[in-house]
Amino acid sequence: MDAKIVLSLEKVTKKYPGVLALNNISIDFLEGEVHALLGENGAGKSTLIKAVAGAIDVDAGIIKINGQEYHEMTPSLSRSLGIEVIYQEFNLVPTLSCSENIMMGESVGSSIFFNSKLVDAKASEVLKQFAVAIDPKKLVQELSIAEQQIVEIAKAVSKNIKILIMDEPSAPLSVAEVEIMFDIIKQLKQKGVTIIYISHRLEEVFRISDRVSVMRDGCYVTTKNTKDTNRQELIKLMVGRELKESYPGRKNPPGDIALEVKNLTGNGDKNISFVVRKGEILGISGLVGAGRTELAMLLFGAEPIQKGEILLNGQPVIIKSPLDAIKYKIGLLTEDRKGQGLFLEMSIKWNISFPIAGRISKYGIVNTKKEDEIARKYKERINIKTPSLLQQVINLSGGNQQKVVLAKSLAAESDILIFDEPTRGIDVGAKQEIYQLMTDLADNGIAILMISSDMEELLGMSDRIIVLCEGKLAGEVKKDQFEQHYILDLASGTH
Amino acid sequence: MKNQSAFLSRLGSGIGSFTKKNVPLMILIFLMILFSFMSENFLTSRNIITLIRQVSFTGISAVGLMFVMISGGIDLSIGSQIVFTNVLLAIMMVDWKIPPGLAIPLILVVGTGLGTINGFLCIKLKIHPLIITLGTSAIFKGFGYIINRSRNIMGFPDSFRWFGQGYIWGIPVPIIVMVVVALIGSFILTRTYFGRKIFALGGNEEAARLAGVNVNKMKVYLFMICGFISAITAVLLLSRVFAGQTITGQGTEFDCLTAALLGGVSFKGGEGTVFGLITGIIIIGVLNNAMQLASFPDFSQTVVKGSVLLIAVAFDVYQKNRKAKETVAKVAA
Ligand SMILES: Nc1ncnc2c1ncn2[C@@H]1O[C@H](COP(=O)(O)OP(=O)(O)OP(=O)(O)O)[C@@H](O)[C@H]1O
Ligand SMILES: [Mg+2]
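Top to bottom, those sequences are chains P and E.
Letter by letter, the first sequence follows residues 1 to 495 of our numbering.
Letter by letter, the second sequence follows residues 1 to 333 of our numbering.
Same shape as in the complex, but just chain E (with noise of 0.2 Å):
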């Protein structure tokens, strides 16, 4: 009697830490059961698969993202690196000819050189990331906007319908390159030294350049690779737009951060984990989906939007208020 009682109690705290240490998941759930209320279409599994589509984009370059924040840092520039690298394709193969099995190759490359910049102007000038991408932002975007001379660019080869249009056993390609991205970021993360030394960095700089890393070199490292990601997502939306447009994939990095925050990546870094991003990007989804089935204005939606925005860096300041909460009190160890 005593036993079972002592079981049930052990088994409800162990449900309540895990709802505690999963509030992302918590929330995401919640909202699937209230919207699968409110339209009898919402659980259905073409709308589900529709529903990660689109926000599948903004996942792949969420996971660039997040290794720049787990490091401590921010990037938000990744919407104007989208906007140039996707003209810049559409230029590279319509303009100039160029194969799509060499152009994309090619337009990594120089997604890749953009995070290099970002990178190189943040060791160099030692100013805040925040500060740095929001200048780079209006440059790359700026840029974008001049090569692309207010034309709607079109006219590329069948064969670059695939990435953004085709299917693998009837699911989308972007779907399965979040996922593929999402599991090499979390191994990257989990388990190799280069991903401790991206934690280690977030947690405490000084202590990682004592314990030998290359704190600069890391840095450079970490913007190369949201560089890189972000013109994966370039290549999959201009196939799946199939025009070269200046509009395409412009505030990305908006929903990158509030799915982000959301995941439980902090925005002082040390922390996160790739389930908790993932949820937060569906999250997003399952927000977007409801309203557009609710057929909401569209400038609604970004009212919402943002306020989906603060209510996830409220959160994240409560987590940390409570942390902090606690290290006062362990201060004293």
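Okay, chain P solo, but in the shape it has when bound (with noise of 0.2 Å):
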């Protein structure tokens, strides 16, 4: 069997200020094969896949389109020969609605007019497929984040493409959206297109990758058949070293409530009540839609309350802005970390210390001593990778973007966390330390709510568990109870 070698990058060089990120590499891809690229963060992933897009200009080396050299790359280049991206952030425009987002590009119709008629009955033929009810009509920005990667990957499907490139597509979509996608690409590649498939999920590299290259520190490690390896072997590749994973094991039980939420309702969720003690996780699981980034923002005060209550340490509180709600000491790590967690253009130093900045202050000067303690304290805790605390946030890797986001959060010191997708994008050496570090906070009597998609990480981590449906609570599941299929039928509504 052997396939044409569709795409090949040779000796592919790409200098940043301080980093190597793309030393000398040489892969080739072939076509109609579900290629997987893996790699910590940082180790120059999305920097390849930009340079075979044309978003960046390598400094040396050749990418070779069937058998076609080219030595600079555009982006509409790449997109005339059929390669279509999916990028690891948002690529839409928030203000256009998700048909036009799709539909971006082609020429639908004879008229030269706009005929958004006809834009969004074939947009809603390409949703269709992913089975999840968008309204073509809605704007990207009413959208969560999830759905806009439903979106985004509905726009690529829906080009002719030869070549589809996928920059941890999954990260943010739950189990039952991931089985959609899968069957998708299955479809695609039945039809010949070649996916490169970017993931930290190793479970799913398993499930659907015909071949696997890693990457390390910018360097091609090695490129593997799927069905000849094994999750330790890749690890080691990927980590250059043996690394256990497992859950960090309790330390101590969970103590008395800290906080307590009757009848909540309201941004979409409806009378929602539950409680959490101090020293305990609460996976919060649901599908995409299901209210569980709305119940977090409601809890923190950035979405008003209609009806309901919420207790601290059993006295009722009225928390009306995020700030009433970091006065009583929750702190939130937020979904959307480009629009919601960073600031893009400030430093890594400075992103990490602001929440905290009004704390370390000294009659409203800012103690930079201890603000730089704190930021080299998480920096090397969560290993975040970087030349220098002083790089801005924007010229980082998607997962140590992340890693930042963590970093604020933990840095706040707050008695109540809600993490919303805290892992989102983050490799599986971190993700071992923030287990840890997560572990370790609970059994200091912090009280800890975690959002995610992952189940694994959710079944691993979590004390007990509720699941939200619809924006109601569907039920509580407790740690002997634990099992993915139980808390997916309580998630879709059919138990």
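Treat each hint with caution, since some may be false.
Claimed, not checked - Listed next, with one range per pair, are the computed distances between beta-carbon atoms:
id	chain 1	residue 1	chain 2	residue 2	range
1	P	Ile62	E	Val23	34 to 42 Å
2	E	Val23	P	Ala3	49 to 57 Å
3	P	Leu139	E	Gln165	31 to 39 Å
As the list claims (entries may be wrong) - Just some of the chain E residues that point at chain P, by a computed CB distance under 8 Å:
id	residue
4	Ala207
5	Arg209
6	Gly270
These are computed hints drawn from the structure, not numbers from a lab.
The beta-carbon is built from N, C-alpha and C at its ideal position, and this holds for glycine as well.
Put the two chains together into one complex, using the hints given.
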């Protein structure tokens, strides 16, 4: 079976100040294969696909497509060759509707005028494949991160493509949507489309990929047939050493009730009641659109509460703004890191210390020494990969940006922490470190609410899980009942 | 040998990146060299002091504008705030016989009040400050004319002369005030929590809100600061001109905005340094001065000023576009 090589990189090199993002990389991609690309945060995966897409200029090397050599790639050239990229961060136009985004760059109908009916009709046809109810007329900025991702995928597959590059497409999706995406990948593959698939979820790599390539620190490590390798081996290739994967054990049992929520209604959620104890990790599960992020925003005072009560340590409290929440020592790690979490133009240090800058100030003057200390501590602890803490966050790789968001919420030293997809886009090694950090926090009496679409993580880390479905509480699952199918049934409302 | 060439190339790229980061300073140095060749009167210490004094009034106001701009806002009513407070201060001292020692603090309060009005309108009407302050600009100026009743108000106590015309160690007071305001402004922006919140607001308002910043309160505070600083300018200008006229201060926001944009304060917010701003101010001063030395007619000066503003805007947009391009490359993170 000598499949044709459709895309190959030869000795591609890309330098950034202080980092060699791609170091003399050569890889071949075959027609009709699903080729997974693995590597730690900052290994150079996104840089590599940006080189293929022509989004960046490389310093050296050749890109060969269908045997034709290209020394300089541009976005329009790569697109005309049938290459479509789903970027790790979103590329949709927030102020246009879904259908306009999906059909962008396509000519629909014959008239030069924009035929919005036809566009909507075509777009909803594309969206239908996903079995997710998204109104094509809705503006993208009104969609959740997961819905945006689905629109992004829909946009890519609606085109006539030869090579589809997906940079962590599953990161914001929950199990059900990932299944749908896999079906689509299979269909594309049958049509002979080559798929380059980047993910930090190794189980996905084993499910859908034919071959897998590993990168480390900008270098190419190796390519394997997926069926000839295993998880342990891949991790070792990525990290460069043995890494034991496990969920850390807990030292202390949960204590008194820290937070109690009674009939909370608002922001699309209805009548939600639950408790979290000190030192407990409460997992929050649900499908895309179930109202998990909405619940987090309500608890944090970022959206108005219509009805219901919040009690902290047994005392009813009124939380009207994030500032109130922070005063009550509630912390939130937002799901949308670029829109809500980060100040992209500012430095890593600035970002990590901003929420506590008030607290480490005397007479309003920030104690920069303390600031340095804190930023450095978290950079080392969760391994933010950067030449300098003064680097602008926008220059970091996706996973490293996520680590900054995480560091920011950890540095705030809250009593109650709400994590919305804390490990989105984070590599295996750093995940272990983060799980340990979260466990330590819980052991020290911090109450943690963890929203996660990563079922394995949710089952491994939580002491208890509540499941939301369509804005309502669908059930509560105790540790001894933890079972993926049961939770999925609750989430999809079929239980 | 190899080491040496590596060192040289590093030095070369170091200088390259310095010039890239300090475009305003390079422009200023270029203009200074150019004009010193064109006129031998240009690079004399007397001329330089005159030049800086001329722009020091604008410079002071520009610091206020910069606070608002870094937070992502804009204040186009600065000139009119000066018109109103300038005339009112003249009336207080001449018509109402309030001594300067009391009138000046009072007028600073009034200026802050004008800023508060801007701020409240912005947060209540939720319309872009560009529009709000364009409206209040007309209103403030109109009230200035109303209370002035077409007079040329004169007869201030002599003690009032010092602020605009006095010297400290041979340096004009307005320049000293500009330096002090700039230093305080710089300190607030770079070292204090309040300064961080200003950048946060301009960088990502939603993230700032979620980090516990009271966005509305901050916006009002910033307009208040801008109003307060404009009133300081009004005091100095009145003392310098020594006559209460509605013409004083008009159009100040134009030069402030040009200076800010030239100095790298972004129109979009989240970016700006006092150093850049002052560089921008001095560029304007140098241009004004050169045009005066070359005795350009007034209307040609207006054309040049307008062109400089547009060039400054184009420069801002160019930098943004370059960044946007990088960002497009970066979105894939
Ligand atoms: N514009 C830039 N300026 C400076 N450094 C950059 C820039 N873009 C990327 N880098 C650096 O290049 C390296 C590779 O980044 P890249 O985004 O390719 O990583 P990645 O493998 O996609 O990681 P992740 O899993 O976190 O998405 C990182 O160290 C990153 O900090
Ligand atoms: Mg990446």
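Hints and how they fare:
One distance hint, 34 to 42 Å for the beta-carbon pair Ile62(P) and Val23(E), holds here, with the actual separation near 36 Å. At about 52 Å, the CB distance of Val23(E) to Ala3(P) agrees with the hint of 49 to 57 Å. In this structure, Leu139(P) and Gln165(E) break the distance hint of 31 to 39 Å, their C-beta atoms being roughly 59 Å apart. Of the supplied interface hints, the one on Ala207(E) holds, with its beta-carbon coming within about 5 Å of a beta-carbon of chain P, less than 8 Å.
The closest approach between the C-beta of Arg209(E) and any C-beta of chain P is roughly 6 Å, which is under the 8 Å cut-off, so the hint is satisfied. Contact between Gly270(E) and chain P, as hinted, is supported at the beta carbon level, the nearest pair being about 6 Å apart and thus within 8 Å.
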